[in-house]
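Undergrad: Sequence:
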Amino acid sequence: MMTARLAAVPRLLAVPALAVLLAGCGIRATEVPTNFGPAPSRVQCSLAEPDVSTQAARGLPVQVFLLCGSSLVTVDRTVRVPDGAADSERRILVAQGLLDQLAAPTSAAEKEAGYSTDVRGITVGGPRPGDPDDTLRLSTAPAGLTSYALAQIVCTFSDSAAAEGDGSVVLGGPGAEAPRRYECTDEVRARPGSTEPPSRDAAGE
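Using the numbering used here, the first residue of the sequence shown is number 2, and each one after it goes up by one.
A few of these clues could be false.
Pair ranges (Cβ atoms, derived) [unchecked claim]: (1) G166 - G131: 34 to 40 Å; (2) G168 - K112: 16 to 22 Å; (3) R129 - G168: 22 to 28 Å; (4) A109 - G194: 20 to 26 Å; (5) G145 - S72: 20 to 26 Å; (6) R121 - P62: 31 to 37 Å.
Quick list of in silico lysine to any residue cross-link-like pairs, SDA-like style, CA-CA up to 20 Å [said to hold, decoys possible]: (7) K112 - T79; (8) K112 - T124; (9) K112 - Y149; (10) K112 - Q64; (11) K112 - P143; (12) K112 - C69; (13) K112 - D160; (14) K112 - S161.
Simulated from the structure, these hints should not be mistaken for lab results. This structure is a prediction, so every number in the text was calculated from the model and none was measured. Don't be surprised by glycine CBs; every beta carbon is placed ideally from N, CA and C.
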């Protein structure tokens, strides 16, 4: 019994000795985890649910695709469309409203959640003679847009009243180039910076 107590003495003496050594090395002993600051106040790429009834009172409820991190995320917006507009005119008005919403500055809450946009001041018009009836002609040619902006526009349009509702949209530019049909895919939504929307020639559709 005495032998066990004597053997424990060096171990007990070693504890304060170790603390002295750590202090001498500039390392402060601690019994609790180090506090690295408060947790973020908002989850990245997450927004509070909007008041849909309030939005509907301001106009037609729509969704637009914004950038967050390396992917596209949907955000609820509203677009004003005059009552009594013809179908072709209504489609252009909706498309322009969507472009305006994509180009609008993000709100404080959206900025805090990490949302941004790559779309800047683009206008849209209808088809030219020879174009498919559902063509949307942009003031900037699709080939002149960044991959992020093109993905935002294609995914936003293809999921709205501005398109035919089949997950695609026919886009052209201000020049004489033929319009192309673009698709919004899962890969485009996940990696808009490296995956451009697949497209094909829409002539003759």
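Undergrad: Hints first: check each against the structure and report whether it holds.
TA: Consistency of the hints with the structure:
1. G166 - G131: 34 to 40 Å: violated (24 Å)
2. G168 - K112: 16 to 22 Å: For G168 and K112 the Cβ distance comes to about 30 Å; the hint is violated.
3. R129 - G168: 22 to 28 Å: holds (24 Å)
4. A109 - G194: 20 to 26 Å: holds (25 Å)
5. G145 - S72: 20 to 26 Å: holds (23 Å)
6. R121 - P62: 31 to 37 Å: The hint (31 to 37 Å, Cβ to Cβ) is violated, given that R121 and P62 are roughly 24 Å apart.
7. K112 - T79: holds (19 Å)
8. K112 - T124: Status violated; Cα separation ~25 Å.
9. K112 - Y149: Judged against 20 Å, a Cα distance of about 17 Å means the pair holds.
10. K112 - Q64: holds (17 Å)
11. K112 - P143: Status violated; Cα separation ~27 Å.
12. K112 - C69: holds (10 Å)
13. K112 - D160: Violated, at roughly 24 Å.
14. K112 - S161: Since the Cα atoms of K112 and S161 sit roughly 24 Å apart, the hinted pair is violated (cutoff 20 Å).
The structure shown violates the earlier hints numbered 1, 2, 6, 8, 11, 13 and 14.
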